[in-house]
Amino acid sequence: MKYLLEINKLTVHVGHKTLLHNVSFKAAQGKITALVGASGSGKTTIANSIMRLLPTGLEINHGEMLFEHKNLLLFNKEQMRLVRGARISMIFQEPLGAFNPLMTIGQQMDEVLAVHTDKLKNERNKKILDVLAKVELLDSEHIFNRYPHQLSGGQRQRAMIAQALVADPKLIIADEPTSNLDVTLQARIMDLFRHFRKEGMTMLLISHDLGMVSHLADDVIILEKGQVIESGQVQTIMQAPKHKYTQRLMEAFA
Amino acid sequence: MAKNRPTENLRPLGPLVGREGKPYSQFSIAMAIFWRHRLARVCFYVLVCLYACAIFANFLAPYRFDDEDRNYSYCSATAIQFFDRGHLSWPFVYGRTLTFNSIHRREYLLDMAQKYPLRLFYGGRLFGVDKPGRIYIWGADSRGRDLFSRILYGGRISLSIGLVGVLISFSLGLLIGGIAGYFGGWVDSFLMRLCEMFMLAPGFYLILALRSAVPDNFNSLQVYLMVVVILSLIGWASLARIIRGMSLSLRQRDFVLASKAMGVSDIKIIIKHILPHTLSYSLAAIMLTIPSYILGEAGLSVLGLGIQDPVPSWGNMLSEAMGIVQIQFAPWIMIPGIFIFITVICFNIIGDALRDAFDPMFQVEG
Chain S
2 MKYLLEINKL
12 TVHVGHKTLL
22 HNVSFKAAQG
32 KITALVGASG
42 SGKTTIANSI
52 MRLLPTGLEI
62 NHGEMLFEHK
72 NLLLFNKEQM
82 RLVRGARISM
92 IFQEPLGAFN
102 PLMTIGQQMD
112 EVLAVHTDKL
122 KNERNKKILD
132 VLAKVELLDS
142 EHIFNRYPHQ
152 LSGGQRQRAM
162 IAQALVADPK
172 LIIADEPTSN
182 LDVTLQARIM
192 DLFRHFRKEG
202 MTMLLISHDL
212 GMVSHLADDV
222 IILEKGQVIE
232 SGQVQTIMQA
242 PKHKYTQRLM
252 EAFA
Chain P
-3 MAKNRPTENL
7 RPLGPLVGRE
17 GKPYSQFSIA
27 MAIFWRHRLA
37 RVCFYVLVCL
47 YACAIFANFL
57 APYRFDDEDR
67 NYSYCSATAI
77 QFFDRGHLSW
87 PFVYGRTLTF
97 NSIHRREYLL
107 DMAQKYPLRL
117 FYGGRLFGVD
127 KPGRIYIWGA
137 DSRGRDLFSR
147 ILYGGRISLS
157 IGLVGVLISF
167 SLGLLIGGIA
177 GYFGGWVDSF
187 LMRLCEMFML
197 APGFYLILAL
207 RSAVPDNFNS
217 LQVYLMVVVI
227 LSLIGWASLA
237 RIIRGMSLSL
247 RQRDFVLASK
257 AMGVSDIKII
267 IKHILPHTLS
277 YSLAAIMLTI
287 PSYILGEAGL
297 SVLGLGIQDP
307 VPSWGNMLSE
317 AMGIVQIQFA
327 PWIMIPGIFI
337 FITVICFNII
347 GDALRDAFDP
357 MFQVEG
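Each protein sequence line maps, in turn, to chains S and P. In terms of the numbering used here, the first sequence is residues 2 to 255. In terms of the numbering used here, the second sequence is residues -3 to 362.
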């Protein structure tokens, strides 16, 4: 089994408080790995640590994060910037906030491509339209020229996913990608993710929704209060949860 | 102003989607709202006229700015005559003869014997009269230079100084404010202390101090540039502080984090994601700041520290009007003041209208 991302004993502090304590897990190449836990369990802190975009005050005390066998913690600012968006990219929970309201969807996607590739303007436009079509946004040229507030919630989330995909990253971190959508839209976004997995995309899915995770993920890591309490293949854990907390989580979403 | 809007100035706004189904940007919507403000539109046209006059001063003015004739010192305005002894004729001006009245004041009497017909396209200029006749539409100054011509030429300096000054101080203010707010920490502290150093000295005295550091042997272009730079150095600090505050709150927004997560560089985030959000404020502020540059230049020039004679600016032309005697006997030398006034008022009204237009609370009617 090839692992794209390996987190070893990651510990994050804010002041004297420990947010993550010796968190270790691996994300297999071409699979969906889910981080599951209640709010405050440190899921998003892990995502921000991987991107090296922790809010001020939060510090990584020790640990290592191997991405393609290179420790991200040893990267300097500029190296890290070139990783973001191009090698690892992120899908945010709230797409309305994550898009700049003054720029069209096309302009914002173009910005990402312009940063990471040296393609010409018309090549970039073609790529953007391709990716918009790939996330099943019909009439991609129409979407290209829209401002974020002019799209529906589902369209915005797809546009967000398209933006994350536009520079062909190796790893996608999806932070609660469906929690703001209604159930039918959730199902369609999950279909989209399944489709991407078939194409070999590696994904780190962050969710509090064990029900959704059980349908989508290959591996699951259960977090509680900043510690990994259980991890393994999704079927194994769903059939025989060892930890009490996991059992409670499962009951909540049964 | 924002509370009780002049609704009678508002025409209904058309549909908010442009041709080819492309939506209007926030900017173009604001511009459409601005354009419905009738008074602001009038002011806009007035300014366009003033700038056009300044640009084409070479052609519109009958004399060069330094074309002097000491025989006509403080000569009053020359009326253009259309009737010659009761008969309609081609417009002409009478000659003037200098006499002294009972209190030994200069008085220019019309000399009916001399007639100088108005010549159109005379010597590369729109109009003029043959020598030794002179045409003074708004009278002459102490050296017998045509005030009208000098106002047109003076507009070049007075009207451009605001634009150039604002360009410099706003680029500085936006960039420094944006950087300080975005990065925070010691960068912020350092830049803000720097701003405070500029803000702490009373503006006009700082201008005077900086001006005295400029060598005397500068030519007029160098003096002009120095005055602009000095005025801009005063202006950027307060703007930088406000932009810094906005940037401080904008950097917390999700789309800034999202851009970082997409690997966009810091300077690009500041320019493309932070500063455009301050546009509504800064555009109005630009319009409201331009007058202060015009007035600043005028203030310096009135004291003789700005643009040097014979190159005219509205400010140094006004410096002639500092004596009560001159105002009493040649009140026309205050006309440049009227131009300063009109310009300042126009910029202020446009600035106000822009601020309203960008106000998100503005109700789009119709």
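Calculated directly from the structure, the hints in this document are not laboratory data. Glycine is no exception: its CB is placed at the ideal position from the N, C-alpha and C atoms. Among the hints, a few may not be true.
To be verified - Taking lysine-lysine and the DSBU-like style, the derived pairs with C-alpha atoms no more than 35 angstroms apart in a straight line are:
{"hint": "1", "chain 1": "S", "residue 1": "199", "chain 2": "S", "residue 2": "18"}
{"hint": "2", "chain 1": "S", "residue 1": "127", "chain 2": "P", "residue 2": "264"}
{"hint": "3", "chain 1": "P", "residue 1": "264", "chain 2": "S", "residue 2": "71"}
{"hint": "4", "chain 1": "S", "residue 1": "122", "chain 2": "S", "residue 2": "10"}
{"hint": "5", "chain 1": "P", "residue 1": "264", "chain 2": "S", "residue 2": "27"}
{"hint": "6", "chain 1": "S", "residue 1": "128", "chain 2": "S", "residue 2": "243"}
{"hint": "7", "chain 1": "S", "residue 1": "127", "chain 2": "S", "residue 2": "199"}
{"hint": "8", "chain 1": "P", "residue 1": "111", "chain 2": "P", "residue 2": "127"}
{"hint": "9", "chain 1": "S", "residue 1": "120", "chain 2": "P", "residue 2": "127"}
{"hint": "10", "chain 1": "P", "residue 1": "127", "chain 2": "S", "residue 2": "128"}
{"hint": "11", "chain 1": "S", "residue 1": "120", "chain 2": "S", "residue 2": "135"}
{"hint": "12", "chain 1": "S", "residue 1": "122", "chain 2": "P", "residue 2": "268"}
{"hint": "13", "chain 1": "S", "residue 1": "32", "chain 2": "S", "residue 2": "226"}
{"hint": "14", "chain 1": "S", "residue 1": "71", "chain 2": "P", "residue 2": "111"}
{"hint": "15", "chain 1": "S", "residue 1": "3", "chain 2": "S", "residue 2": "120"}
{"hint": "16", "chain 1": "S", "residue 1": "171", "chain 2": "P", "residue 2": "127"}
{"hint": "17", "chain 1": "S", "residue 1": "120", "chain 2": "P", "residue 2": "268"}
{"hint": "18", "chain 1": "S", "residue 1": "127", "chain 2": "S", "residue 2": "243"}
{"hint": "19", "chain 1": "S", "residue 1": "199", "chain 2": "S", "residue 2": "243"}
{"hint": "20", "chain 1": "S", "residue 1": "78", "chain 2": "S", "residue 2": "32"}
{"hint": "21", "chain 1": "S", "residue 1": "135", "chain 2": "P", "residue 2": "268"}
{"hint": "22", "chain 1": "P", "residue 1": "268", "chain 2": "S", "residue 2": "127"}
{"hint": "23", "chain 1": "P", "residue 1": "111", "chain 2": "S", "residue 2": "171"}
{"hint": "24", "chain 1": "S", "residue 1": "32", "chain 2": "S", "residue 2": "122"}
{"hint": "25", "chain 1": "S", "residue 1": "71", "chain 2": "S", "residue 2": "32"}
{"hint": "26", "chain 1": "S", "residue 1": "128", "chain 2": "S", "residue 2": "171"}
{"hint": "27", "chain 1": "S", "residue 1": "122", "chain 2": "P", "residue 2": "264"}
{"hint": "28", "chain 1": "P", "residue 1": "111", "chain 2": "S", "residue 2": "135"}
{"hint": "29", "chain 1": "S", "residue 1": "78", "chain 2": "P", "residue 2": "268"}
{"hint": "30", "chain 1": "S", "residue 1": "71", "chain 2": "S", "residue 2": "199"}
{"hint": "31", "chain 1": "S", "residue 1": "120", "chain 2": "S", "residue 2": "199"}
{"hint": "32", "chain 1": "P", "residue 1": "264", "chain 2": "S", "residue 2": "32"}
{"hint": "33", "chain 1": "P", "residue 1": "111", "chain 2": "S", "residue 2": "128"}
{"hint": "34", "chain 1": "S", "residue 1": "243", "chain 2": "S", "residue 2": "226"}
{"hint": "35", "chain 1": "P", "residue 1": "264", "chain 2": "S", "residue 2": "78"}
What the hints assert, rightly or not - Derived CB-CB ranges, DEER-like:
{"hint": "36", "chain 1": "S", "residue 1": "134", "chain 2": "P", "residue 2": "189", "range": "50 to 56 angstroms"}
{"hint": "37", "chain 1": "S", "residue 1": "16", "chain 2": "P", "residue 2": "167", "range": "38 to 44 angstroms"}
{"hint": "38", "chain 1": "P", "residue 1": "262", "chain 2": "S", "residue 2": "60", "range": "37 to 43 angstroms"}
A quick look at each hint next to the structure:
Our distance criterion of 35 angstroms between C-alpha atoms is broken by residue 199 of chain S and residue 18 of chain S, whose separation comes to about 41 angstroms. Among the hinted pairs, residue 127 of chain S with residue 264 of chain P is consistent with the structure: their alpha-carbon atoms are about 23 angstroms apart, no more than 35 angstroms. Taking the CA atoms of residue 264 of chain P and residue 71 of chain S, the gap is near 27 angstroms; set against the 35 angstroms cutoff, the hint holds. For a cut-off of 35 angstroms, the pair hint linking residue 122 of chain S to residue 10 of chain S is broken: about 43 angstroms separates their Cα positions.
With a CA separation close to 34 angstroms, the supplied pair residue 264 of chain P and residue 27 of chain S stays within the 35 angstroms bound. Taking the CA atoms of residue 128 of chain S and residue 243 of chain S, the gap is near 46 angstroms; set against the 35 angstroms cutoff, the hint is violated. Distance restraint check for residue 127 of chain S and residue 199 of chain S: the Cα-Cα separation of roughly 24 angstroms lies within the 35 angstroms cut-off, and the hinted pair is therefore satisfied. Straight-line distance between C-alpha atoms of residue 111 of chain P and residue 127 of chain P comes to about 11 angstroms, which keeps the hinted pair within the 35 angstroms bound.
Simply put, residue 120 of chain S and residue 127 of chain P have alpha-carbon atoms about 68 angstroms apart, too far for the 35 angstroms limit, and the pair is violated. Proposed proximity of residue 127 of chain P and residue 128 of chain S is contradicted: the alpha carbons are some 72 angstroms apart, above 35 angstroms. Proximity of residue 120 of chain S to residue 135 of chain S is assessed by CA-CA distance (about 20 angstroms); at most 35 angstroms being required, the pair is judged to hold. With a C-alpha separation of about 18 angstroms, the suggested pairing of residue 122 of chain S with residue 268 of chain P holds against the 35 angstroms cut-off.
Annotation: proposed proximity of residue 32 of chain S to residue 226 of chain S holds, straight-line Cα distance about 25 angstroms (limit 35 angstroms). Distance hint between residue 71 of chain S and residue 111 of chain P is unfulfilled; the C-alpha atoms sit about 94 angstroms from each other, more than 35 angstroms. Distance hint between residue 3 of chain S and residue 120 of chain S is fulfilled; the C-alpha atoms sit about 31 angstroms from each other, no more than 35 angstroms. For the proposed pair residue 171 of chain S and residue 127 of chain P, the alpha carbon gap of about 84 angstroms is over 35 angstroms, so the pair is violated.
About 20 angstroms separates the Cα atoms of residue 120 of chain S and residue 268 of chain P, which keeps this hinted pair within 35 angstroms; it holds. Taken as a hint, the residue 127 of chain S and residue 243 of chain S pair is broken in the structure, with Cα atoms around 50 angstroms apart against an allowance of 35 angstroms. A distance of roughly 30 angstroms separates the Cα atoms of residue 199 of chain S and residue 243 of chain S; the hinted pair therefore holds under the 35 angstroms criterion. In summary, the hint linking residue 78 of chain S to residue 32 of chain S is supported, as the alpha carbons are separated by about 28 angstroms, within the 35 angstroms threshold.
The hinted pair formed by residue 135 of chain S and residue 268 of chain P meets the criterion: a straight-line CA distance of about 27 angstroms does not exceed 35 angstroms. Distance hint between residue 268 of chain P and residue 127 of chain S is fulfilled; the C-alpha atoms sit about 22 angstroms from each other, no more than 35 angstroms. Annotation: proposed proximity of residue 111 of chain P to residue 171 of chain S is violated, straight-line Cα distance about 89 angstroms (limit 35 angstroms). In summary, the hint linking residue 32 of chain S to residue 122 of chain S is supported, as the alpha carbons are separated by about 33 angstroms, within the 35 angstroms threshold.
The suggested pairing of residue 71 of chain S with residue 32 of chain S holds, with an alpha-carbon distance near 20 angstroms, which does not exceed 35 angstroms. For the proposed pair residue 128 of chain S and residue 171 of chain S, the alpha carbon gap of about 17 angstroms is at most 35 angstroms, so the pair holds. For the given pair, residue 122 of chain S sits about 18 angstroms from residue 264 of chain P by alpha-carbon distance, which is consistent with the 35 angstroms threshold. For the proposed pair residue 111 of chain P and residue 135 of chain S, the alpha carbon gap of about 84 angstroms is over 35 angstroms, so the pair is violated.
At most 35 angstroms may separate the alpha-carbon atoms for a hinted pair to count; residue 78 of chain S and residue 268 of chain P meet this at roughly 20 angstroms. Annotation: proposed proximity of residue 71 of chain S to residue 199 of chain S holds, straight-line Cα distance about 26 angstroms (limit 35 angstroms). Between residue 120 of chain S and residue 199 of chain S, the direct Cα distance comes to roughly 27 angstroms. Compliance with the 35 angstroms bound is thereby established for this hinted pair. Distance check on the hinted pair: residue 264 of chain P and residue 32 of chain S sit about 34 angstroms apart at the alpha-carbon level, within 35 angstroms; holds.
Restraint check: the Cα-Cα separation between residue 111 of chain P and residue 128 of chain S comes to about 77 angstroms, which exceeds 35 angstroms; the hinted pair is violated. Straight-line distance between C-alpha atoms of residue 243 of chain S and residue 226 of chain S comes to about 17 angstroms, which keeps the hinted pair within the 35 angstroms bound. The straight-line distance between the Cα atoms of residue 264 of chain P and residue 78 of chain S is roughly 15 angstroms, inside the 35 angstroms bound, and the hint therefore holds. Hint check: residue 134 of chain S to residue 189 of chain P, Cβ distance near 52 angstroms, so the stated range 50 to 56 angstroms holds.
The supplied range of 38 to 44 angstroms is met by residue 16 of chain S and residue 167 of chain P, whose beta-carbon atoms lie about 40 angstroms from each other. For the pair residue 262 of chain P and residue 60 of chain S, the supplied restraint of 37 to 43 angstroms is violated, since their beta-carbon distance comes to about 20 angstroms.
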